[in-house]
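Chains as they are written, first to last, in numbering that gives the first Met the number 0: chain A, 0 to 307; chain B, 0 to 419.
Everything labelled a hint here was simulated from the structure, so no lab data went into it.
The structure displayed is predicted, hence computed values, not measured ones.
Hints are not guaranteed to be accurate.
Calculated lysine-lysine pairs in the PhoX-like style (CA-CA distance at most 25 Å, straight line) [said to hold, decoys possible]:
| no. | chain 1 | residue 1 | chain 2 | residue 2 |
| --- | --- | --- | --- | --- |
| 1 | B | K414 | A | K77 |
| 2 | A | K68 | B | K402 |
| 3 | B | K402 | A | K77 |
| 4 | A | K13 | A | K108 |
| 5 | B | K189 | B | K237 |
| 6 | B | K355 | A | K68 |
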Amino acid sequence: MSTTKAIQTKQARKRKIKNALSAYAFLSPWIIGFLLFSAYPIVYVFTMSFTNATMMNSGEFVQFDNYIKMFNDSGFWKSLWVTLVFSIFSVIITIIWAFCLAMLLNAQKRFNGFFQFVYFLPAVVPSVALAFSFQMIFAKDTGIFNYMIGSVTGSNFSPNWLYDETLVYPTVFFIMLFTYSTGQMMLIFRSGLKEVPRELYEAASLDGASAFQKFRNVTFPSISPILLFNTVMASIGALNGAFAILFPLTEGGPNGATNVLSLSLYREVFLNNRIGYGCCLAVILFLLAVVFASVQFAMSKKWVYYEN
Amino acid sequence: MKIKKWAALLLACFMTIGTFSACNNQGSQSGGESGGGTGEEIKLTLTQWSPPSEDDELNLYKQFEKANPGYKIEVMVIAEDQYSSTLNRMISTNTAPDIITAWECDIGSFVSNKKVICLDDYLAKSEEIDPEEFIPAVKELSSSFGGNYCLPWGYASEILFYNKDLFDAAEVEYPTNDWTMDDFVAAAEKLTIIENGKVKQYGCDTLSFVGGYWSGIGAAGDPVYQDGKLTIGEGAKKFLTTQKYLVDNQFSPAPSTDGGDLFASGMAAMTRTGSWFIGSYKELEFNWDIAPQPKDVRFYNSLHTGLWCIPETTKNKDAAWTALEWFMSEEGQKINSKGTSNPSVIQSIADQGDWKVQGTNGPSNWDAFDVISESGSFGYVCAPAGLTGEAVKEFEAAILGQKSIDDAIATVQAKAEDFE
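Hey, can you work out the whole structure from these sequences and the hints?
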């Protein structure tokens, strides 16, 4: 009896190992891809940040010199501050905009596909093309927007939208509403809103809930996991993807007002040929993304509702 | 079920192997085939940031192939915004083509890291090229490297364009080849038309091309680029003060994202931009001409070029030199001058004037280029592009009053120190 049990246990263990091996074999393309193209570059960037490497040579180990130089540079602190402000505001603004559009689409009964197409259309324009288009729209002397203001008001009011330290932020945030990331978030919100059970709204209506109460107690909890997903993706997108919009649009100006870390990083690595110092900035950007995501996940425990 | 499972496992294995094989593209990007044997075609690869002329008669490489049967040149066009970084990557990974057209900001690093070969031995034997005939700026560049490591394909510079019709209307005398900055400011003032508080016509356009700042700063007395370092000071202060004066009084538009060309549209009477605009302005409907950038304490012009060099790793060094020698020969330079509208760096060839692309209504003052070739220097273009780009952002902030001129200059000086 005991021999049979021992054989069965052995077979079960064998099956378990076989299953585990199969699972790892199936996962291996992803694991290898992750190790080669994500984990290794991350570790390599950390290593390079302690060198004075350039494109031409791998440099020498300079200990914390790059970090000391970076922390002593007032430009770095300004850039860090700009990155934080830009990321936080752009996430908030684009999330609200994408959500409002998704709500509008959800409420729309007729020509739904048409409106979805129209709302999403600007999002499929490549970021750089989008940035150049808006650069022309918001130009001071030859821009269409200032021309329209002049035509409508008859005044000589022609702001320098992208070269004025005060106006540049609202202008850039407005442009961010038309990026691919915002359009994608709108579609994700829309699919989430579609999945909210109708009967919950019906039950809330029977209980006499107002539109706001329905939103607060039905819509919001139902889509909160999607909201978390979009917020995390938008934060990482704002940290890394801001470059694609800001480089052609402002190049970090005016007076460094939009000089986010990804722009400094690009400049150091590809224009100044200082790989070691650029990696140092990349490490800070990476840590910033980790902090952003960690805070969001930690806070999500308080407001994200999971059915299971 | 079991078959499905094994099939899926097999697929996963193929994907894994595929991942590795996709990484291994060694060899496919190496710098051309050596060919070289008798009767075999010698293929040379070459990088450039703009496509060669579509007109075969003006296509330097097609004409080289025609003049040198058995040679084939394959041009690799790399987008301008990625050109420098791609070239650096190719050089550092030993995958550079047989001939590279390097930028001034990269050549110093290529030379100091021994990534390109010295051409002095070839030049000593050459009957086509005499380095003594190069314009002073090229001699100076070679002397800073301690030898000839590169050959410039021609040169361009910043230049002053002016609308003769608007000058006539305002009864202002045309710029001359010895115009000073004071003359320029006085003319800009007279040429500006403001009606009901709105500018109808600017005296001069803003400095839309960054090189204009450096030429102005150099003319005001700063060395700009000295001993391998960006060097500015009092000259920059003087030049930026003038620029701010022009903007504050609306004689010039403020720096902005305006993509429109105010000069070409007749809204600005003068503009200081690249000489390559001569070709673009060929069809302008108004009468126009050119002059050297205004002199201040001296004439100073930033020169721009592409520098042909041979990477150390190429297997086709002799063949690459054959091509370079032909490119720099009278025949090659004349074709290049016609195709690009840029004068040759070899003075005797430039003097023949093949680069002069005459438009319908201008220009006529080609003598302006004599001043440019004498006073031209590979200045700011030798400094890292990120540093000079950031510096211009500082200058713009000072002109817009977002920071003081002194602060802007101090910031640039501090950054420049960091690159010593």
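Legend entry - Proposed proximity, A/K68 with B/K355 (alpha carbon, max 25 Å): Distance of about 49 Å is beyond 25 Å: violated.
Legend entry - Restraint check for A/K68 with B/K402, where alpha carbons must lie at most 25 Å apart: 24 Å, holds
Legend entry - Pair hint B/K402 and A/K77, alpha-carbon separation not exceeding 25 Å: 15 Å, holds
Legend entry - Proposed proximity, A/K108 with A/K13 (alpha carbon, max 25 Å): Given that 25 Å is the threshold and the Cα spacing comes to 57 Å, the pair is violated.
Inset, instruction - Could you grab the alpha-carbon distance between B/K414 and A/K77 and see if it respects the 25 Å cut-off? - result: Holds - the C-alpha atoms of A/K77 and B/K414 are around 15 Å apart, at most 25 Å.
Legend entry - Pairwise hint evaluation, B/K237 against B/K189, where the allowed Cα distance is 25 Å at most: 21 Å, holds
Of the numbered hints stated above, those contradicted by the structure are hints 4, 6, listed in ascending order.
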